[in-house]
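Asks: Letter by letter, the chains look like this.
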Amino acid sequence: MPEVQYIHPDYFQVDELLSDEHILIRDSVRDWVNRRVKPIINEACQKHEFPLHLTKELGEIGAFGPYIPEKYGGAGLDQISYGLIMQELERGDSAIRSAASVQSSLVMYPIYKYGSEEQRRKYLPLLASGEKIGAFGLTEPNHGSDPGSMQTKFEDKGDHYLLNGAKMWITNSPIADVCVVWAKDEDKIVRGLLLEKGMQGFTAPETLNKWSLRASVTGELVFDNVKVPKENILPGVKGLKGPLSCLNSARYGIAWGVIGAACDCYDTALRYSLERKQFSRPIASFQLTQKKLSEMITEISKAQLLAWRLGTLRNNDKATAAQISMAKRNNVEIALKIARDSRQILGAMGITGDFPMMRHMMNLESVITYEGTHDIHLLITGMDITGINAFA
Amino acid sequence: MKILVLISNVPDTTTKVRFTGDNTSFDDAGVQWIINPWDELALTRAMELKEAGGVDKITVANVGEKTTEPTLRKALAVGADDAIRVDVPARDAYFVARQLAEVAKDYDLILAGIEASDYNGNAVGGMLAEMLDFNSVSAVSGISIDGDKFTVNREIDGGSQLLSITGPLVAIVQKGIAKEPRIPAMRGIMMARKKPLNVVAAVDAHEKTSYVNYELPAPKAACKMVDEENAKELITLLHEEAKVL
Chain A
1 MPEVQYIHPD YFQVDELLSD EHILIRDSVR DWVNRRVKPI INEACQKHEF
51 PLHLTKELGE IGAFGPYIPE KYGGAGLDQI SYGLIMQELE RGDSAIRSAA
101 SVQSSLVMYP IYKYGSEEQR RKYLPLLASG EKIGAFGLTE PNHGSDPGSM
151 QTKFEDKGDH YLLNGAKMWI TNSPIADVCV VWAKDEDKIV RGLLLEKGMQ
201 GFTAPETLNK WSLRASVTGE LVFDNVKVPK ENILPGVKGL KGPLSCLNSA
251 RYGIAWGVIG AACDCYDTAL RYSLERKQFS RPIASFQLTQ KKLSEMITEI
301 SKAQLLAWRL GTLRNNDKAT AAQISMAKRN NVEIALKIAR DSRQILGAMG
351 ITGDFPMMRH MMNLESVITY EGTHDIHLLI TGMDITGINA FA
Chain B
1 MKILVLISNV PDTTTKVRFT GDNTSFDDAG VQWIINPWDE LALTRAMELK
51 EAGGVDKITV ANVGEKTTEP TLRKALAVGA DDAIRVDVPA RDAYFVARQL
101 AEVAKDYDLI LAGIEASDYN GNAVGGMLAE MLDFNSVSAV SGISIDGDKF
151 TVNREIDGGS QLLSITGPLV AIVQKGIAKE PRIPAMRGIM MARKKPLNVV
201 AAVDAHEKTS YVNYELPAPK AACKMVDEEN AKELITLLHE EAKVL
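Heads up: the sequence lines are chains A and B, in that order.
Be aware that the first sequence starts at 1, since it is given in the numbering used here, and climbs by one per residue.
Be aware that the second sequence starts at 1, since it is given in the numbering used here, and climbs by one per residue.
Heads up, none of these hints are tricks.
DSS-like, lysine-lysine: derived pairs with alpha carbons at most 30 Å apart:
| # | chain 1 | residue 1 | chain 2 | residue 2 |
| --- | --- | --- | --- | --- |
| 1 | A | K302 | B | K16 |
| 2 | A | K292 | B | K16 |
| 3 | B | K194 | A | K56 |
| 4 | B | K16 | A | K38 |
| 5 | A | K113 | B | K194 |
| 6 | A | K56 | B | K179 |
| 7 | A | K56 | B | K57 |
| 8 | A | K71 | B | K57 |
| 9 | B | K195 | A | K71 |
| 10 | B | K175 | A | K38 |
| 11 | B | K50 | A | K71 |
| 12 | B | K194 | A | K318 |
| 13 | A | K71 | A | K113 |
| 14 | B | K220 | A | K291 |
| 15 | A | K56 | B | K175 |
| 16 | B | K179 | B | K105 |
| 17 | B | K220 | A | K277 |
| 18 | A | K277 | B | K232 |
| 19 | B | K194 | A | K71 |
Everything labelled a hint here was simulated from the structure, so no lab data went into it.
Using the sequences and the hints, build the whole thing.
Replies: Okay, here's the thing in structure tokens:
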């Protein structure tokens, strides 16, 4: 197997802001990605297949729920560690990071934060080890940026709840063993329910023909008179703040993750530009190439510092939702631009599967839309600084 | 049975090597440090032996200053039970072996990488065996525990050799001793926080060599491409330019 060539850009010595343990965590996941993701990811994407065999391994290295306490199967690590893990996974592919994000922030986090002790003990260790796969159902066919208008609902039938409705654009849905589903009760209050594969009336058809996140499985969750046992409701939260707190955690992971995709593109383009010659000179010697590379490293440095600061705030429980929105929005945008600019540096070679740019670029088109669209995050900042809601 | 794995702290293999002080010392500014790849494989094999049963404890040891501790922590995260750091900068092979001899006496099996990827000295393992009066085998590519003996595989020219040898033993291992190094899991990294890393004072010893001067290899010459049908030009180039024919 050819050795993966990668030199992590650290122009502002951000590594000095990390502990030795953070660096060990990052380098361990980096090694794993080099060994297990890089060699297979192009083919998985080309074939539109999720590399399912990696879920167990992600569990073994501890990429699922790294900040969940050890007694529930997590590693009890801090938020910067979680961010670094996401960064390295997304350097491999956004699909792999998405699988870990969903499992950690959207499934394990709500069960840990809002679940009963029985629910925690039943689900968290199996989700941490990758023996069970999770999914999160919030978005609906007619309600994306406006989840408060969701139509999925359940009725109290005495000894069970009766769930009806549908969710769409759900990462992992066709392969998920357990789903955290957000639905309204008879008083129109949003609650979280734990659905298990095989419940009668519950199906999860796959969404095919994606040009993005091709190495990830996406699908629907359809509930047709599903009887949900009463002990499957998350007792600890009522209202939209439940799902939104999960999204805060996932968006935070994305703000780190996309730096990995950006670094992969930048590092590839820098190396290529020094080797590729035109007019008898390396293309790195041309001003327009240097402009692209210089802008890339500038934006990567800013994104790294933003992510680090946000992680520090989160470690102290001080990060606001609006700060997370700004970091997610900024970092995804710069990663997408870097994917495009680095693709240009590689010329025609950049469109092939031999290099990661097109794959990252297409993935990032999803990442800029999911977990709050690019525009909505800007309006969150707008509302935060003006006090005026411009959503509706 | 107790196993000791010797861990050398070396610059990452992608490091751009530079020297300071008029080419008399290695410039370690900005260098990423890793476990010497041969030592990492030795640790992996030690873990496999422990998992197979019959090994009570794996210790890792290093001679170096506090800055080498992240390397030892990684070894603990991979699965070693405890670590020893002899608190002194590593000088030459004799000096390092002399320091290790003080902490290595009570082990049944010592695994040493055949060389360290920085200075490629190939000397510490053999010297240590001599100082401890332990048996020693070099170029080991396979080792297993067989009752009170060790079965050892060595790669030799054109084949391999199988040995049976009694302990205590210093096995100087090369590639093949384990398939690939283990990657620490997050839970292993957490557990490593609580494992003992014992710092011991150095003993009085003097190195037997001193570094006089370093030199970087000459830069690679430009690559000339010769058309596959033009063997004659290739021969001319090899004869007149490369002067190897």
